[in-house]
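Residues 168 to 254 (this note's numbering) make up the sequence shown, in order.
What the hints contain is simulated information worked out from the structure, not anything from laboratory work. Every residue gets a Cβ at the ideal spot worked out from N, C-alpha and C, and that includes glycine. You may find that some hints are simply not true.
Said to hold, decoys possible - Under the rule of at most 25 angstroms between Cα atoms (straight-line distance), these lysine-lysine pairs were calculated in the BS3-like manner:
hint: 1; residue 1: K254; residue 2: K227
hint: 2; residue 1: K236; residue 2: K247
hint: 3; residue 1: K204; residue 2: K227
hint: 4; residue 1: K222; residue 2: K242
hint: 5; residue 1: K196; residue 2: K254
hint: 6; residue 1: K232; residue 2: K204
hint: 7; residue 1: K247; residue 2: K196
hint: 8; residue 1: K227; residue 2: K242
hint: 9; residue 1: K232; residue 2: K242
hint: 10; residue 1: K196; residue 2: K236
hint: 11; residue 1: K232; residue 2: K222
hint: 12; residue 1: K232; residue 2: K247
hint: 13; residue 1: K204; residue 2: K254
hint: 14; residue 1: K254; residue 2: K232
hint: 15; residue 1: K196; residue 2: K232
hint: 16; residue 1: K222; residue 2: K236
hint: 17; residue 1: K227; residue 2: K196
hint: 18; residue 1: K204; residue 2: K222
hint: 19; residue 1: K196; residue 2: K242
hint: 20; residue 1: K247; residue 2: K227
hint: 21; residue 1: K242; residue 2: K204
hint: 22; residue 1: K196; residue 2: K222
hint: 23; residue 1: K254; residue 2: K236
hint: 24; residue 1: K204; residue 2: K236
hint: 25; residue 1: K247; residue 2: K204
What the hints assert, rightly or not - What follows is a list of derived Cβ distance ranges for each label pair:
hint: 26; residue 1: K196; residue 2: G218; range: 12 to 22 angstroms
hint: 27; residue 1: T200; residue 2: A221; range: 17 to 27 angstroms
hint: 28; residue 1: C238; residue 2: T192; range: 29 to 39 angstroms
hint: 29; residue 1: D237; residue 2: T205; range: 14 to 24 angstroms
hint: 30; residue 1: G218; residue 2: V253; range: 13 to 23 angstroms
hint: 31; residue 1: K254; residue 2: G218; range: 13 to 23 angstroms
hint: 32; residue 1: V190; residue 2: K254; range: 31 to 41 angstroms
hint: 33; residue 1: D189; residue 2: P245; range: 18 to 28 angstroms
hint: 34; residue 1: C212; residue 2: T246; range: 16 to 26 angstroms
hint: 35; residue 1: E250; residue 2: K204; range: 18 to 28 angstroms
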Amino acid sequence: MKKLLVVVMLATFAAAPAFAADVYTYEGKGVVTFNHKTHADSLGCEACHQGEPAKIELTKDSAHKEACKDCHTAKGGPTKCNECHVK
Numbered sequence: 168m169k170k171l172l173v174v175v176m177l178a179t180f181a182a183a184p185a186f187a188a189d190v191y192t193y194e195g196k197g198v199v200t201f202n203h204k205t206h207a208d209s210l211g212c213e214a215c216h217q218g219e220p221a222k223i224e225l226t227k228d229s230a231h232k233e234a235c236k237d238c239h240t241a242k243g244g245p246t247k248c249n250e251c252h253v254k
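Use the sequences and the hints to build the structure in full.
Set out below in structure tokens:
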């Protein structure tokens, strides 16, 4: 029984990335919509996730200084406020 439980748990964790939400919405000074599938398809998981993929909690500072804006600048994505923040 314990072996079966271990197998089920491993299968669940292995399949988790396939069930990640496709679209995340962040409220603030205009709604920012992040399409996970589009980013993952074009960049790959390792561009944002180090190690096993997991949900990344974004804050204003991390989005503007570490994650979104730095990558957008490097890869030619939108960098102006109104290009991501839709009012």
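Exercise. Given the hint that K222 pairs with K242, test it: the Cα-Cα distance must not exceed 25 angstroms.
Key: 22 angstroms, holds
Quiz item: K254 and K236: Cα distance at most 25 angstroms?
Solution: 19 angstroms, holds
Quiz item: Taken at face value, is the distance from the CA of K196 to the CA of K227 at most 25 angstroms?
Solution: At roughly 10 angstroms apart (the allowed maximum being 25 angstroms), K196 and K227 satisfy the hint.
Quiz item: Hey, K236 versus K247, does the alpha-carbon distance stay inside 25 angstroms?
Solution: 9 angstroms, holds
Quiz item: Between K242 and K204, does the CA-CA distance stay at or below 25 angstroms?
Solution: It holds: about 17 angstroms lies between the C-alpha atoms, which stays within 25 angstroms.
Quiz item: Given the proposed pairing of K196 with K232, does the C-alpha separation stay at or below 25 angstroms?
Solution: 17 angstroms, holds
Quiz item: Are the Cα atoms of K232 and K222 separated by 25 angstroms or less?
Solution: 18 angstroms, holds
Practice problem: With a cut-off of 25 angstroms on the C-alpha distance, tell me whether K232 and K247 pass. | Solution: 13 angstroms, holds
Quiz item: Does 13 to 23 angstroms hold as the CB distance between G218 and V253, or does it fail?
Solution: 32 angstroms, violated
Quiz item: Is the gap between the beta carbons of V190 and K254 within 31 to 41 angstroms?
Solution: For K254 against V190, whose Cβ atoms are near 18 angstroms apart, the range 31 to 41 angstroms is violated.
Exercise. Mind checking the alpha carbons of K196 and K236 for me, to see if they're no more than 25 angstroms apart?
Key: Distance of about 16 angstroms is within 25 angstroms: holds.
Quiz item: Okay, D237 versus T205 on CB: inside 14 to 24 angstroms?
Solution: 18 angstroms, holds
Checked against the numbered hints given earlier, this structure breaks hints 26, 28, 30, 31, 32; the rest are met.
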